[in-house]
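Protein chains in written order, with the working numbering: chain A, 48 to 905; chain B, 348 to 664.
Hints are computed from structural coordinates only; laboratory data are not their basis. Incorrect hints may have been included.
[What the hints assert, rightly or not] Selected chain B positions facing chain A (in silico; Cβ < 10 Å): (1) M378; (2) E380; (3) V383; (4) V384; (5) D387; (6) S410; (7) R447; (8) S456; (9) L459; (10) P461; (11) A521.
Using N, Cα and C, we set each Cβ at its ideal position, and we do this for glycine too.
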Amino acid sequence: MLRATLRSFFAHKGRLLLSALAVVLSVAFVVGSLIFSDTTGATFDRLFASTASDVRIAPRQDFDAPGGIGSAETPTVPAALRARVAGVEGVAGAHLDVSLNRTTVTDARNQPVGPTQNASSIVAAWYPSEHSPVQVTSGRPPRGAGEAMLDRDSADRKGIRIGDTLHVIAPPGTFSVRVVGIATFTTTNPGASLVFLETRAAQRGLLGSTAKATGISVDAAPGVPDSVLKSRIGAALGSGAAAYDIRTRDEQKKSQAEELGDFLSILKYMMVGFAGVAVLVGVFLIVNTFSMLIAQRTRELGLLRALGADRRQVRRSVLLEALLLGVFGATVGLAAGVGLAVLLVVALGWFGLRLNTADLVLNWPTVVVAYIVGVGVTFVAALLPALRAGRVSPMAALADAEVPGAGRPLRDRAIAGSLVGAAGAAALVGCALSTRTALAGTLLALGVLLTLVAVVVAGPLLVRPVIRLLGRGLEPAFGAVGRMGRRNALRNPRRTGATAAALMVGLALVAGLSVAGASAAASVDRQIDRTLGADFVVQNTSFAPFSGEVTDRVRATPGVGTVVRQRIVPLRLHLPDGRTVTTVAGAFDRDFDAVGKVTYAAGGTAAALAPGRVGVQEKFAREHGLRVGSTLDAVLPSGRPARFTVGALTADSGSGPAAQGGVFMGMATLAKYVPRGQDSAVYVNAADGVDPQRLRADLERTLKPFPQVQVNDRADYKQLVSGQIQGLLNLLYGLLGLAIVIAVLGVVNTLALSVVERTREIGLLRAVGLSRKQLRRMIRLESVVIAVFGALLGLGLGLVWGAATQRVLALEGLTAFAIPWSTVAAVVIGSVLVGLLAALLPALRASRLNVLAAIAHE
Amino acid sequence: MSTSVADTAKGAAGGHETAARAVSLVKTYGMGEARVVALDGVDVSIGRGRFTAVMGPSGSGKSTLMHCLAGLDTVSAGRVWLGEREITGLNDRQLTRLRRDHVGFMFQSFNLLPTLTAEENITLPMDIAGRKPDREWLREVISTLRLGDRLRHRPSQLSGGQQQRVACARALAARPDLIFADEPTGNLDSRSGLEVLQFLREAVDGLGQTVVMVTHDPNAAAHADRALYLADGRIVDEMARPTAESVLERMQIFATGPKAAQPLPATGAGPSPNADSNPAPDPDPDSDSDSEPPTAPRPATDPPTGPASSPDAPRNG
């Protein structure tokens with residue numbers, strides 16, 4: 048029996064080729080994602096470990112605010128602290144750290160030296176240290192004001208040489224420096240651009256005073272453990288230590304890794320999630336392959352049964368074949384996954400993150416996952432066909448029947464499909480009616496899952512009605528060839544259904560995401576139209592704060608009328624209902640009404656922007672027990688408490704930053720807690736009688752030295768937002784691409800196996816005069832019908848999902864609903880192309896069949 | 348191989364009533380050691396409006412001969428005409444069109460597309476060609492084959508005999524120059540087989556078609572006007588108006604081995620292994636077919652059931 052199984056496996060290896068490819072691709076994607084995230088994680092761990100000092104003293108930071116530090120000044124420690132720390136027993140050395148993370152540095156042509164248009168540079172004080180990530184490789188380190196050292200990657204990218212001038216756009220003001228040295232990364236370049244200054248020059252230029260530093264790095268004397276040193280420093284600083292975060296090397300490593308880890312694990316889960324979709328799609332392909340192989344081998348299996356093999360042995364032989372396929376697919380997929388990870392690393396290099404492909408981390412769990420996915424998926428997919436194979440009767444050996452399988456009733460599927468479908472529909476309706484975001488989200492996920500299962504189960508039932516309708520045009524257009532193509536697609540509804548379902552999964556996600564994306568973009572558009580009254584908004588494409596010089600220049604531009612600044616501040620709100628919410632609040636100048644249109648449920652702009660007051664979104668207030676006049680307690684990232692009074696409630700979330708709660712206040716209120724800082728946006732109106740286009744040109748000219756900001760009118764602003772949504776969608780579409788590729792392989796697989804199955808028919812058709820061209824067309828039409836069927840199912844399902852998702856988004860204020868018809872049309876046209884593409888090889892193969900050999904084919 | 352190719356070719360071409368002919372037809376498979384000669388210098392002509400049976404043991408080359416005459420297979424040497432047209436040297440596309448428009452086929456089994464109804468199967472070659480079927484002719488064919496009540500059925504809903512009748516109707520539907528039937532009764536019970544043979548006979552007599560049937564069944568061959576006997580890739584015998592008994596007798600002679608059989612001049616028909624060199628050993632049904640009544644000489648549906656009026660209409664086809 049084992050020998051028969053092995054023989055059969057190798058005899059049919061050609062027919063298993065595409066199934067193997069599907070397993071390989073799924074496994075490769077999973078493995079690639081895991082290796083990639085392990086590698087980035089390990090690389091950064093190493094980077095953090097090598098660059099962390101033994102003990103570091105930093106300003107106290109109570110919570111990691113979404114969006115960084117906001118508009119506030121960079122938190123600092125007194126420079127004098129260094130002397131006190133240096134005197135602690137066991138300290139071998141203490142250095143002043145002066146480092147600003149998000150600083151724009153431009154070259155002589157006003158182009159930023161960061162890796163991308165908006166990427167900023169890290170500007171830091173230089174001191175020689177074994178923990179430095181770089182090494183001076185040409186020129187010398189900066190020795191005084193006006194000198195700088197640049198990292199080699201940035202220098203190479205922008206063609207900057209020693210002697211060139213750079214402009215550092217720092218919070219205290221822009222200053223120019225001359226490049227005197229180039230430093231090369233000794234560790235992985237994490238995608239940063241580094242500019243080093245002499246310490247005192249850095250303090251003055253970046254922080255405005257030589258009395259401040261952003262932290263102090265301490266080297267331990269030999270034999271002194273970091274933790275001991277930390278407690279000694281803490282003791283030496285006494286009660287003042289509460290203002291600082293003192294961390295050992297290990298603690299620094301951990302907190303940095305955690306910070307990055309969040310991002311990396313989101314990335315990892317996203318990639319693995321999409322790999323899961325690909326795996327799911329692969330299952331359809333494998334199920335189809337095994338079903339078809341077993342259908343084609345019914346007589347052979349019947350013979351085995353007649354010769355005395357029992358059901359279990361037949362079943363086992365099929366499962367063993369699946370196992371072999373799975374092991375093969377997982378092994379090749381593992382290798383391909385390593386290749387994929389290398390590709391990802393190389394691709395990241397283009398974005399400035401230079402990982403070393405030699406450092407690839409292949410952990411044993413990755414290997415285990417590869418085999419679990421590869422073997423498990425194949426095994427599960429082959430289970431049903433194996434059961435069916437076991438049911439083949441010995442009589443099948445004698446029967447001269449044509450391939451069975453099409454005839455079995457679909458009633459069970461109809462019942463199961465309707466039940467699951469009804470549950471899914473109920474969940475989606477519940478989601479649409481729900482008023483609470485969390486509940487709606489859960490119902491949405493449940494509904495999506497159930498409706499997907501329902502359509503997959505009931506798909507074969509939809510084959511006949513939908514394809515009959517679809518194929519109606521084929522016969523008039525293509526005559527007998529069209530008729531046969533359509534009938535062939537209708538021939539085995541299970542097979543067609545499963546093939547189309549594979550395509551459906553990917554396309555349904557594309558459609559759902561595109562509806563959600565388009566709805567979000569339309570909502571934002573509507574919000575911008577409704578709330579943005581300014582002629583122009585000057586801001587950064589990443590919405591990060593920028594130098595105050597920008598605002599000064601805007602004010603000084605002739606023709607400028609009202610100017611309203613916006614600042615943002617991360618806050619941790621302690622709400623009356625006992626909940627704590629971390630959010631970002633906005634602050635505006637008094638003339639806010641001239642640039643923004645806000646509808647209030649209670650109070651007005653004056654009340655919201657009055658000293659000590661805030662405006663809060665009405666819905667948020669209601670949920671957390673806030674009213675006009677309530678006290679709102681908050682904490683700033685530095686740990687400083689703040690107390691506000693609710694002055695007004697807004698009717699919608701369209702004012703200022705659309706963060707949770709929609710908290711906003713007057714500039715004066717913010718200044719009490721955050722005295723100095725940077726603006727995150729400047730709203731500008733043209734003065735009376737000034738042509739806005741003229742003003743725009745003037746503004747753009749004035750702001751030329753500040754490439755980090757752009758002048759946007761309402762249309763630009765909309766485009767900026769929809770561009771970001773589209774960027775995200777494109778990324779997701781790209782990740783779904785793999786699932787769609789596997790689905791296309793599934794169509795190829797079905798067609799190829801069908802061609803084998805119908806060899807005699809093809810011979811007959813050729814004998815009675817069907818030309819090769821017509822034969823190819825017949826197979827292409829079948830393929831297109833299957834693909835379009837899958838696309839229609841996917842679009843239908845996706846639109847429903849998208850509509851339900853929009854209801855969830857509506858709870859968050861994104862109330863518009865939009866169907867991206869261009870995407871819908873693209874999916875339909877794309878599916879036709881996919882059908883044509885998938886038919887390419889099977890059609891070629893069919894048309895090359897020898898007529899006589901085909902007729903005589905068993 | 349034969350030396351008198353030119354003569355025979357002329358001789359065969361002389362009668363314009365030839366539906367197909369081959370001259371010095373050679374077909375080999377494989378190369379070198381593995382070379383197999385399937386047809387070894389066959390000269391043959393198929394009379395128009397006649398029912399010809401090609402007989403021979405398996406491996407004798409009878410199917411290969413049919414495939415070559417029908418444009419299904421290429422020849423290694425020699426020439427083949429279908430009607431007045433030489434088909435040797437045609438490319439695949441030309442051969443395909445030729446088959447579609449001028450040849451009808453019946454195979455032993457798997458004659459019909461399972462996805463098409465009986466009627467769609469019947470009109471398939473014309474549908475492929477994008478031509479409208481001749482409705483009147485179609486009706487005649489369908490009623491002759493008694494398929495009127497089966498037209499909407501799928502092949503899986505038809506019996507084996509019915510399926511072969513549909514295949515026969517398809518072969519007839521386009522009014523081809525020639526119908527090739529490859530063991531059309533091989534898979535049928537004797538009653539259904541007899542029925543199919545009677546329909547083929549009827550197609551020749553009543554509808555004026557030309558039929559070439561490959562068979563190894565003497566009873567089937569007995570329905571033909573003429574039987575050709577192949578052995579080892581050559582035509583070793585030929586018999587006019589064969590009967591089951593005479594065919595069986597001949598087969599038994601050849602079954603002992605064609606070589607041994609060669610010298611035996613049996614039953615007055617030209618028995619020479621090189622049938623070509625023999626100008627006209629038989630009563631030549633080709634030449635005097637006009638004078639003969641078109642009625643079947645053998646057991647048959649004597650009064651053509653359906654279209655009794657049409658026998659001469661398709662004659663000129």
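Legend entry - Hints the structure fails to honour: 1, 2, 3, 4, 5
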